[in-house]
Amino acid sequence: MVKKRLIPCLDVRDGRTVKGIQFEGLRDAGDPVALAERYAREGADELVFLDITATNQRRQPLTELVRNVARVLDIPFTVGGGINTVADVESLLLSGADKVSINSAALARPAFIAELARRFGSQCVVVAVDARLVANEWQVMTRAGTVATGREAVAWCREAADLGAGELLLTSMSHDGTKSGFALDLTRAVSDAVAIPVIASGGAGQPADFTAVFEQGGADAALAASIFHFNETALPALKSYLHAAGIPIRQ
Amino acid sequence: MEIAVVDYKGGNVQSVLFALERLGASPVLTADPEVLRKADKVLFPGEGEASSAMEALRAAGLDLVLPTLTQPFLGICLGMQLLGEHSEENNTSMLGLLPFKVQRFVPDTHHKVPHMGWNNLQALQGPLFTGLTEADHVYFVHSYYAPVGAYTTAQASHPAPFSAAVQYHNFYGVQFHTEKSGAVGTRILSNFLAL
Numbered sequence: 001m002v003k004k005r006l007i008p009c010l011d012v013r014d015g016r017t018v019k020g021i022q023f024e025g026l027r028d029a030g031d032p033v034a035l036a037e038r039y040a041r042e043g044a045d046e047l048v049f050l051d052i053t054a055t056n057q058r059r060q061p062l063t064e065l066v067r068n069v070a071r072v073l074d075i076p077f078t079v080g081g082g083i084n085t086v087a088d089v090e091s092l093l094l095s096g097a098d099k100v101s102i103n104s105a106a107l108a109r110p111a112f113i114a115e116l117a118r119r120f121g122s123q124c125v126v127v128a129v130d131a132r133l134v135a136n137e138w139q140v141m142t143r144a145g146t147v148a149t150g151r152e153a154v155a156w157c158r159e160a161a162d163l164g165a166g167e168l169l170l171t172s173m174s175h176d177g178t179k180s181g182f183a184l185d186l187t188r189a190v191s192d193a194v195a196i197p198v199i200a201s202g203g204a205g206q207p208a209d210f211t212a213v214f215e216q217g218g219a220d221a222a223l224a225a226s227i228f229h230f231n232e233t234a235l236p237a238l239k240s241y242l243h244a245a246g247i248p249i250r251q
Numbered sequence: 001m002e003i004a005v006v007d008y009k010g011g012n013v014q015s016v017l018f019a020l021e022r023l024g025a026s027p028v029l030t031a032d033p034e035v036l037r038k039a040d041k042v043l044f045p046g047e048g049e050a051s052s053a054m055e056a057l058r059a060a061g062l063d064l065v066l067p068t069l070t071q072p073f074l075g076i077c078l079g080m081q082l083l084g085e086h087s088e089e090n091n092t093s094m095l096g097l098l099p100f101k102v103q104r105f106v107p108d109t110h111h112k113v114p115h116m117g118w119n120n121l122q123a124l125q126g127p128l129f130t131g132l133t134e135a136d137h138v139y140f141v142h143s144y145y146a147p148v149g150a151y152t153t154a155q156a157s158h159p160a161p162f163s164a165a166v167q168y169h170n171f172y173g174v175q176f177h178t179e180k181s182g183a184v185g186t187r188i189l190s191n192f193l194a195l
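In order, the protein sequences belong to chains P and R. Oh and the first sequence: position 144 is 144 in UniProt numbering, straight run, nothing missing. Oh and the second sequence: position 114 is 114 in UniProt numbering, straight run, nothing missing.
One chain only, chain P, in its complex shape (with noise of 0.2 Å):
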């Protein structure tokens, strides 16, 4: 059976890999390229790099830095940040990366998402979905969080994998940097209303975070960034936690 994926992901700003509480105040956690090769290595079932800093200052994604990575790493790994247009995500794919997280450019006009898919197949179009909990209801933030856009996020997924995402990237922005645990009925609630996989984002502090997150939240993927950057929670360890709670995952 296809095992529940563990996916470190780096923010990378100016070459830097760098991870926020709840998207600010950065702190800088080292060379990408090293980090990548040490988490492959450790058992990452995948990577995510995203360029945090491309949708507001309207930089290109790095391309250079997804060559890099290509050459050394033997796992499949996703990019996004600022990507805007079929020749962004054409360039990535050539350069190595394996899928595109797409946020912004799919909210502005979301027949992006069927263009991406007809022309490169849905399994490289991940729609990245950033929620905030406001007034009991999770709704879609656009602009690395900053904007809201009126939109319910449950709605907004199914929409967007009936217009051909391969996946998901659900992020909730009210636990990402706390530690206090994944958005677990947010998770749930996603991971039922579509076919395609959702990789959990946001909160991740304990190994049983992670147990509560593909048990109770039905998600198929967590992605995590400071408690893998710090060594506060190494990989292998918590690949064996997760398979003796009975969790299904590559060993």
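If you're looking for bench data, these hints aren't it; they were derived computationally from the structure. Accuracy of the hints is not assured; some may be wrong.
Label-pair restraints from in silico Cβ distances [as the list claims (entries may be wrong)]:
{"#": "1", "chain 1": "P", "residue 1": "Glu42", "chain 2": "R", "residue 2": "Ala194", "range": "27 to 37 Å"}
{"#": "2", "chain 1": "P", "residue 1": "Ala193", "chain 2": "R", "residue 2": "Lys101", "range": "30 to 40 Å"}
{"#": "3", "chain 1": "R", "residue 1": "Glu2", "chain 2": "P", "residue 2": "Gly150", "range": "56 to 66 Å"}
{"#": "4", "chain 1": "R", "residue 1": "Glu55", "chain 2": "P", "residue 2": "Arg67", "range": "44 to 54 Å"}
Beta carbons: idealized from backbone N, C-alpha and C, even for Gly.
Chain P is fixed; fit chain R onto it per the hints.
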């Protein structure tokens, strides 16, 4: 050893080129029939959609060239599916080297489509899998699959068994991404280069 990677403008070939380079090979990316015929090994990566891939192959004349190759040939992902007769994906006629018809997975609550992620291999046969066991995992990303048949040399399940690998004479195919399957994928690529 001359290693050719088929360039038909239809998929992400860069990862396969990098994986071959990590094994010390110097692959050439080509659509030239003469270069393909003279190579010691031919790899055929595929991603994307079946009918566009077949159109691209036809436009390059490769639909007639590939079936006549006699050296070890490895189709990866869509490159494996194209070895079959037909795909449900936009009702596409394929190369017809192997007698399978590619079908779409039907999703349920516990089995998402695409079948995406690491799955273990079962019922391994043949030289590609030398040194590997059923505990080994490889990386899959696909929504369509080839059923199990006499040509199947490895299976995986989602939830029913399907062909993870196929073989017919010198034509080998793997549904998973050897170039993205860590040490296990590297071993399979290396086994192919040693054929």
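Against the structure, the hints:
no., hint, result
1, P:Glu42 with R:Ala194: 27 to 37 Å, "29 Å, holds"
2, P:Ala193 with R:Lys101: 30 to 40 Å, "31 Å, holds"
3, R:Glu2 with P:Gly150: 56 to 66 Å, "58 Å, holds"
4, R:Glu55 with P:Arg67: 44 to 54 Å, "28 Å, violated"
Against the hints set out earlier in the document, a violation occurs for number 4 only.
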